[in-house]
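With the hints as your guide, set chains B and C onto chain A.
Taken in sequence, the protein lines are chains A, B and C. If you count the first sequence from 1, position 61 lands on 61 in my numbering, and the numbers rise without skipping. If you count the second sequence from 1, position 115 lands on 115 in my numbering, and the numbers rise without skipping. If you count the third sequence from 1, position 181 lands on 181 in my numbering, and the numbers rise without skipping.
Among the clues, some could well be false.
Claimed, not checked - Capping the alpha-carbon separation at 27 Å, the derived lysine-lysine pairs in DSS-like fashion look like this:
(1) A:Lys144 to C:Lys202
(2) B:Lys144 to C:Lys144
(3) A:Lys144 to A:Lys202
Quick caveat, the hints were computed from the structure, so don't treat them as lab data.
Residues per chain are reported as follows:
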Amino acid sequence: MHEINFWISVVATIAFAVTGVLAIADRGVDIFGVMVLGVITAIGGGTIRDIILGVPSFWSETQMYVWLALAASIATFVAESFFTQPQIHRTMLYIDGFGAALFGIAGLDKAWNLNFGLPVAPVILGVVTAIGGGLLRDVLAGRKTLLMSHELYAIPVTLGCCLYGLVLQFFPQYTVQASVICIAIIFGIRVAAIHWDLRVPKLFITQTR
Amino acid sequence: MHEINFWISVVATIAFAVTGVLAIADRGVDIFGVMVLGVITAIGGGTIRDIILGVPSFWSETQMYVWLALAASIATFVAESFFTQPQIHRTMLYIDGFGAALFGIAGLDKAWNLNFGLPVAPVILGVVTAIGGGLLRDVLAGRKTLLMSHELYAIPVTLGCCLYGLVLQFFPQYTVQASVICIAIIFGIRVAAIHWDLRVPKLFITQTR
Amino acid sequence: MHEINFWISVVATIAFAVTGVLAIADRGVDIFGVMVLGVITAIGGGTIRDIILGVPSFWSETQMYVWLALAASIATFVAESFFTQPQIHRTMLYIDGFGAALFGIAGLDKAWNLNFGLPVAPVILGVVTAIGGGLLRDVLAGRKTLLMSHELYAIPVTLGCCLYGLVLQFFPQYTVQASVICIAIIFGIRVAAIHWDLRVPKLFITQTR
Numbered sequence: 001m002h003e004i005n006f007w008i009s010v011v012a013t014i015a016f017a018v019t020g021v022l023a024i025a026d027r028g029v030d031i032f033g034v035m036v037l038g039v040i041t042a043i044g045g046g047t048i049r050d051i052i053l054g055v056p057s058f059w060s061e062t063q064m065y066v067w068l069a070l071a072a073s074i075a076t077f078v079a080e081s082f083f084t085q086p087q088i089h090r091t092m093l094y095i096d097g098f099g100a101a102l103f104g105i106a107g108l109d110k111a112w113n114l115n116f117g118l119p120v121a122p123v124i125l126g127v128v129t130a131i132g133g134g135l136l137r138d139v140l141a142g143r144k145t146l147l148m149s150h151e152l153y154a155i156p157v158t159l160g161c162c163l164y165g166l167v168l169q170f171f172p173q174y175t176v177q178a179s180v181i182c183i184a185i186i187f188g189i190r191v192a193a194i195h196w197d198l199r200v201p202k203l204f205i206t207q208t209r
Numbered sequence: 001m002h003e004i005n006f007w008i009s010v011v012a013t014i015a016f017a018v019t020g021v022l023a024i025a026d027r028g029v030d031i032f033g034v035m036v037l038g039v040i041t042a043i044g045g046g047t048i049r050d051i052i053l054g055v056p057s058f059w060s061e062t063q064m065y066v067w068l069a070l071a072a073s074i075a076t077f078v079a080e081s082f083f084t085q086p087q088i089h090r091t092m093l094y095i096d097g098f099g100a101a102l103f104g105i106a107g108l109d110k111a112w113n114l115n116f117g118l119p120v121a122p123v124i125l126g127v128v129t130a131i132g133g134g135l136l137r138d139v140l141a142g143r144k145t146l147l148m149s150h151e152l153y154a155i156p157v158t159l160g161c162c163l164y165g166l167v168l169q170f171f172p173q174y175t176v177q178a179s180v181i182c183i184a185i186i187f188g189i190r191v192a193a194i195h196w197d198l199r200v201p202k203l204f205i206t207q208t209r
Numbered sequence: 001m002h003e004i005n006f007w008i009s010v011v012a013t014i015a016f017a018v019t020g021v022l023a024i025a026d027r028g029v030d031i032f033g034v035m036v037l038g039v040i041t042a043i044g045g046g047t048i049r050d051i052i053l054g055v056p057s058f059w060s061e062t063q064m065y066v067w068l069a070l071a072a073s074i075a076t077f078v079a080e081s082f083f084t085q086p087q088i089h090r091t092m093l094y095i096d097g098f099g100a101a102l103f104g105i106a107g108l109d110k111a112w113n114l115n116f117g118l119p120v121a122p123v124i125l126g127v128v129t130a131i132g133g134g135l136l137r138d139v140l141a142g143r144k145t146l147l148m149s150h151e152l153y154a155i156p157v158t159l160g161c162c163l164y165g166l167v168l169q170f171f172p173q174y175t176v177q178a179s180v181i182c183i184a185i186i187f188g189i190r191v192a193a194i195h196w197d198l199r200v201p202k203l204f205i206t207q208t209r
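For reference, chain A alone in the conformation it holds in the complex (with noise of 0.2 Å):
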């Protein structure tokens, strides 16, 4: 269990860094600038988190998440021309829905075994590891937030969150399960969502006067 966590938390931090810089290309971004925002937005959001928790930096003690953000950023850089094919692109997105998944639920289970807050900031402190790094990306990129996107990518992550939120409180005899579920949940609509291009229905957005 510990082992393949490992190995899908590299794979996750990869692809946010790969996703993060795809998303500002387009802009003309220099090769440091590349490099800077391709490792916030892998290490962002757990940043954001653990400030708020009040402990070390995640990546103050396992320093590989930093090499690897800044490998996967440079090799973006240089081989653009491989990672913007659509059909690649479009597995990276896949593979970061399953990052920004499991980030969220590795980060709430972080603040929820800290004792902080219980139940409503392990909720948020989730939902902040998995979206924070792209929204310190954009934020510095001068690009529109996924908040004011209307994309269906925090949706999920805090639908599944919530729920891993209420497994935990009520039925924590089933933490490993509902774990697994909720990944599988906020990954599933996040497939869906990129696959048939969904967005957030007319309704539920307001009314530009």
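Below, chains B and C without anything else, positioned relative to chain A:
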């Protein structure tokens, strides 16, 4: 006194969330963005203050604030046409101004009681408590922040916090009276600014070249 | 040595505030925005570093930095026409470059001495100390951040910090010499970049599609 404080901060949290959502509603935000940005407007400033203070975020201990902000944000989304009526919107702005006054002074108090960098740091953290949430919302929503808008919002808060800090430093025996008076000053200037649409005079604005 | 360090950081704080204000002056900022953004430019990077380190913000202990930045910001506002003279502005940019070099190396030192995630995290925090304040200012002012501007600013800082980190890791006996040399390297590249208006070559920029 404690009782009053509690109810004031309940009302102020709701007002922050409502005005926070109204500020971005014209940009076409979905219900999820509304919830996130409403909550961030309401609790973001206090969160930054607590991070700088190195204490757990206030909402991890009193989760009610999250629920209040969430409920107020959703209500604003659902009843958008109600809240955007000029008279109601204006009333919310007044309550929001009162909330900013209260949160600013309360934030200063918290830092002061923790003996954090007296006397300058508490004044800064009071201002951060009052305006930080709105700044985060504007940045995440891609909106001009109030630092650039020439509104009389942060200025009265800062004046009131400076005055309150001076009293705490030199006349600590008048703390209670000073807090009431400083809240009144901030709120009074803010009411005048809303009522007469006062802005920072041109003399105090850098010349656009 | 300690004496010199003190005076250098005084001058650097002032230069950060002045160049910070000049960078946004053309957007029509009021005196309050000038004060806030000037102070944030000067102390924001160190604040983010201290938050990630989990130590009290440096300005809560040495409040002088806040006063210096505040005074420099107000002076820049009042004497805008003086500071915007090409020769003066350029001089301030040179001092600012020196400040970035100094703050980067000093920030790295602080993290290293706290044993925070050696050897990678201190290098990251050195860079954050040098450029974090400018990033915050640009985001709050709605300005393109330097990560997107192809300027040679963050790059020399990062090179110098990496080099210094390598020396601290492998040749700790040369710490003092290395700090002077790395500051000189950062400053030298920055001076060259300002003087000849050097930018990141096109080869190292993603293609805008």
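Against the structure, the hints come out as follows:
1. In summary, the hint linking Lys144 of chain A to Lys202 of chain C is supported, as the alpha carbons are separated by about 25 Å, within the 27 Å threshold.
2. Distance check on the hinted pair: Lys144 of chain B and Lys144 of chain C sit about 13 Å apart at the alpha-carbon level, within 27 Å; holds.
3. Straight-line distance between C-alpha atoms of Lys144 of chain A and Lys202 of chain A comes to about 18 Å, which keeps the hinted pair within the 27 Å bound.
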